[in-house]
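Novice: Quick mapping for you: the protein sequence lines, in order, are chains A and B. Per the numbering used here, the first sequence starts with residue 1, numbered consecutively. Per the numbering used here, the second sequence starts with residue 1, numbered consecutively.
Rather than coming from a laboratory, the hints here were simulated on the basis of the structure. For each residue, glycine too, the CB sits at the ideal point set by N, CA and C. Watch out, some of these pointers could steer you wrong.
Derived contacts from chain B toward chain A, CB cut-off under 10 Å, selection only [as the list claims (entries may be wrong)]:
| no. | residue |
| --- | --- |
| 1 | R11 |
| 2 | K96 |
| 3 | A98 |
| 4 | K99 |
| 5 | E196 |
| 6 | R203 |
| 7 | V255 |
Among chain B residues calculated to face chain A with C-beta under 8 Å, some are [claimed, not checked]:
| no. | residue |
| --- | --- |
| 8 | R23 |
| 9 | K26 |
| 10 | K30 |
| 11 | L93 |
| 12 | R197 |
| 13 | K248 |
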Amino acid sequence: MGKSVIKLKNISKKYELLGAKPTFVEFLMSRDRQKHWALRDIDLIFEKGEKVGIIGPNGAGKTTLLSIISEIVYPTSGELKVSGKIVSLIELEAGFHPDLTGIENIYLNGLIMGMNKLEISNRLEEIISFADIGKYIDYSMYSYSQGMKLRIGFSVAINANFDILVLDENISVGDEDFQQKSLKKIKSVFAEGKTVIIATHHLDFIKKTCHRVIWLEKGRIIKDGPTNIVIKEYEKANR
Amino acid sequence: MLLLKNYSKPRKYLEFLWAMIERDFKARYKRALFGFLWVIINPLLQMIIIGTIFSFFIKIPNYFLFLFSGLLPWSFFSLSFSKATSSYISERLLLKKAKFPKELIPTSIILANFLHLIISLGLFTIVLLLFGLLNPTNLLLLIPGLMWLVIFTLGVSFMTAVLQVRFRDVNFITQTLLVLWFYSTPILYSVSQIPERLNVIFRLNPLTSVFEIFHCALVNQCEINSQILIINLLITLLVVIIGLCTYKALNKYLVDWL
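Extracted from the complex, chain A is given alone in its bound form (with noise of 0.2 Å):
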């Protein structure tokens, strides 16, 4: 058994679902909001160097459950202990400042996804070089096309030296030539010893990748266990 790194205790997560514009006068005057659990009664445990995979249909809490071991959302109730650093490559593209260089927003960048500043200036080079925006680099970012910010923001993240990655969904980003370069550097990480969380649709990329399978539905765990048995049973479910 290896040392865990996040381990989550009856973690349960409740949404109130508001109108288009939630204001002060429509809270006072409604009295039954409507509730949703995204999540409900999750207990589970990482260990360190595994890589798990996360399915099920649209809607079962995959990436709310991301979002909390993350920590950007905070559970209803329950207990989450997370040891080491997460990077998260949600929402990729989010949080540039359209008026600064590329270079000032990659320190920015950096600084959120949890680095200091020596830390980013080492690595300012390779972020550089994989991102591989060419001159663009020091101009303004209105000036960016969406596949260069995605190209900045996958860079930054992947070489933020973290302990464990939580993936969502886009386990590649931008045009053909990147997709390839960024998967690579994905499968490399799983290559490393670190730990690695993802939730995809992707069942292929997960049999290879995986060796545990948890798959959620409607809030709650359905199976947890080795890849092949989780996945074989998750496909008969939905044939």
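Model the placement of chain B on the given structure of chain A, informed by the hints.
Specialist: Relative to chain A, chain B alone:
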């Protein structure tokens, strides 16, 4: 300390804060033609327009300079307050991206504005020096005045910034409030010109004493009423505590509502 607690390394925290302030600065000047000048031009124009009109009704010596010594901190306050209030909404993607100390978003906006205020106050004191109006000992009062102003701004903005995420109409309330607030703060007039029966407004408005301190420090025309001062201090304390408590209670759920 309350804010530092949820981040392990203070140095890293400060580094992050500074980077956010820098971001605000850089972003503001990169595409603005006159850059910093706009921070001065806005209150300057206000001073000229308001001064020209109100000098017919309000008799205060050196009225234009008196006005300016209030308009500078006011433009800091109103800009910070309104920008910080909507800051979580405009930075929603940042919050969804990773875990980081969320209080830095409104704090960095306010501190960036604060740096501007200090620079423009520096320029203003040079002007006052040329007019021979500056009293060096009074100038020291700027230190408690600035501290009070920034602490109060932080406290009140924390409250509205968090509430704005939950209730999107908070923004409209604060915009209206700002207009009323401007007229109930001694900026156009001095406290001594208002009949004492209206003192209740000044007691409830913590900015009264803050602005009187600015008037004392810069143009040496002020009347600090100790009773108002104490009540103002207590209200400031209350607002700051409520602000921090609201933040502490709700900051975990900000992302849910974005």
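Novice: All hints, please: hold or fail.
Specialist: Status of the hints after comparison with the structure:
1. R11: holds, 8 Å
2. K96: holds, 5 Å
3. A98: With a closest approach of 5 Å, the B:A98 hint holds.
4. K99: OK, holds: B:K99 within 10 Å of chain A, min 4 Å.
5. E196: This hint is violated: B:E196 lies away from chain A, its Cβ roughly 36 Å from the closest one there, beyond 10 Å.
6. R203: violated, 27 Å
7. V255: Holds, because the Cβ-Cβ distance from B:V255 to chain A comes to roughly 5 Å (cut-off 10 Å).
8. R23: holds, 6 Å
9. K26: holds, 6 Å
10. K30: holds, 5 Å
11. L93: holds, 4 Å
12. R197: violated, 33 Å
13. K248: Interface hint status for B:K248: violated (13 Å vs cutoff 8 Å).
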